[in-house]
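Protein chains: 2
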Amino acid sequence: MNFLEERIASDGQVRAGNILKVDSFLNHQLDVELLDKIGKTFYKKYKDKGINKVLTVEASGIAIACMTAQYFHVPVVFAKKAKSKNLDGDLYTSVVHSFTYDKDYNVTLAKKFLSSEDKVLLVDDFLAVGKAMNGLIDICNQAGATVAGIGIAIEKGFQDGGSRLRGAGYDVTSLAIVDAMDEEKGLTFRDQG
Amino acid sequence: MNFLEERIASDGQVRAGNILKVDSFLNHQLDVELLDKIGKTFYKKYKDKGINKVLTVEASGIAIACMTAQYFHVPVVFAKKAKSKNLDGDLYTSVVHSFTYDKDYNVTLAKKFLSSEDKVLLVDDFLAVGKAMNGLIDICNQAGATVAGIGIAIEKGFQDGGSRLRGAGYDVTSLAIVDAMDEEKGLTFRDQG
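Residue numbers (UniProt numbering), protein chains in the order written: chain A, 1 to 193; chain B, 1 to 193.
Just chain A, with the same shape it has in the complex (with noise of 0.2 Å):
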């Protein structure tokens, strides 16, 4: 097992209805030495890939994004889930929904921020059927920005979304792939060699 798969055998919580809790170092309270170790791997994977700029969605994704930033020296740009006031000019605009919440939303950012001159590096959290990865591909092709690499720190492998983005020719990195959960059995993680 790789530090993350370790970790989450050793602090994660298996909960009814495919819940992986692990809110205790990645997502409400937060290891910023795990999360670094997380950043510096994307980094070694991705760093000859010319990428200029780390996307996120708010919230979560935003602690794994500014770790691999610093050591890609680039800005991250998160998107944002509501319409702020504060969002002014033109937005790209997604529609994703939330299985978690089971409502629509969307996620935007504002065009400034991204353009064909970018080589993007989207990260987050966790991938399962992988709605909001797909509002963020779908706003890099509005501005026609490059999707240079997909960082992901836990992967549901028994849910469909990585293996789209991998058919459709994204290079996917998941830290840790859990294919299969039981509140009794524990975890079962993908060999990835």
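The hints are simulated quantities; they were obtained by calculation from the structure and are not laboratory data. Be aware that one or more of the hints could be misleading.
Any copy will do: because identical chains look the same in the list, a pair fits if it lies in one copy or spans two.
[Unchecked claim] For lysine to aspartate or glutamate, the following EDC-like pairs were computed, each having C-alpha atoms within a straight-line distance of at most 16 Å: (1) K119 / D138; (2) K131 / D160; (3) K45 / D11; (4) K112 / D11; (5) K81 / E58; (6) K119 / E184; (7) K21 / D90; (8) K45 / D171; (9) K49 / E117.
We have chain A; now place chain B onto it with these hints.
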């Protein structure tokens, strides 16, 4: 002017309604090197206070909190603005009024992440009337946690959040205090020596 005041003066934009747009480096696109400098400054100020957690509110506080926590080698805990399905167990809750959106919202924090053992540094990107910060302080009071300091990137000094907090005895560090802003005359920063 310090590094943040210089950046605000060069890249910030004053809009009608006392809106200071800093979305090109602080809360939509994030300049991680600038955020790192902000975090380092908070560390220099509060490093001898025995701080064991950095506390903030999602979403834009997360980036500053992570950069700050890296220096302290402590975790970040961020309060959430909506009750999430994935936030179970006992929660601290405080009601916050947003002037930007003119509505009340709850900030919540899982009780397991804050207790009377904790000495926390509260951080946020903006301090104006201080509603979000008061929500965080309320949560700390509920937990019996000690507020060892408050680190703010930009304080709107013409609103009373900062003076109220200082008057109540909190040790507030605002890297840039904007005492006046005008679409034509620009920004006036408070001389902090």
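**Report entry** Hint numbers not upheld by this structure, sorted from lowest to highest
**Finding:** Structure breaks hints 3 and 6.
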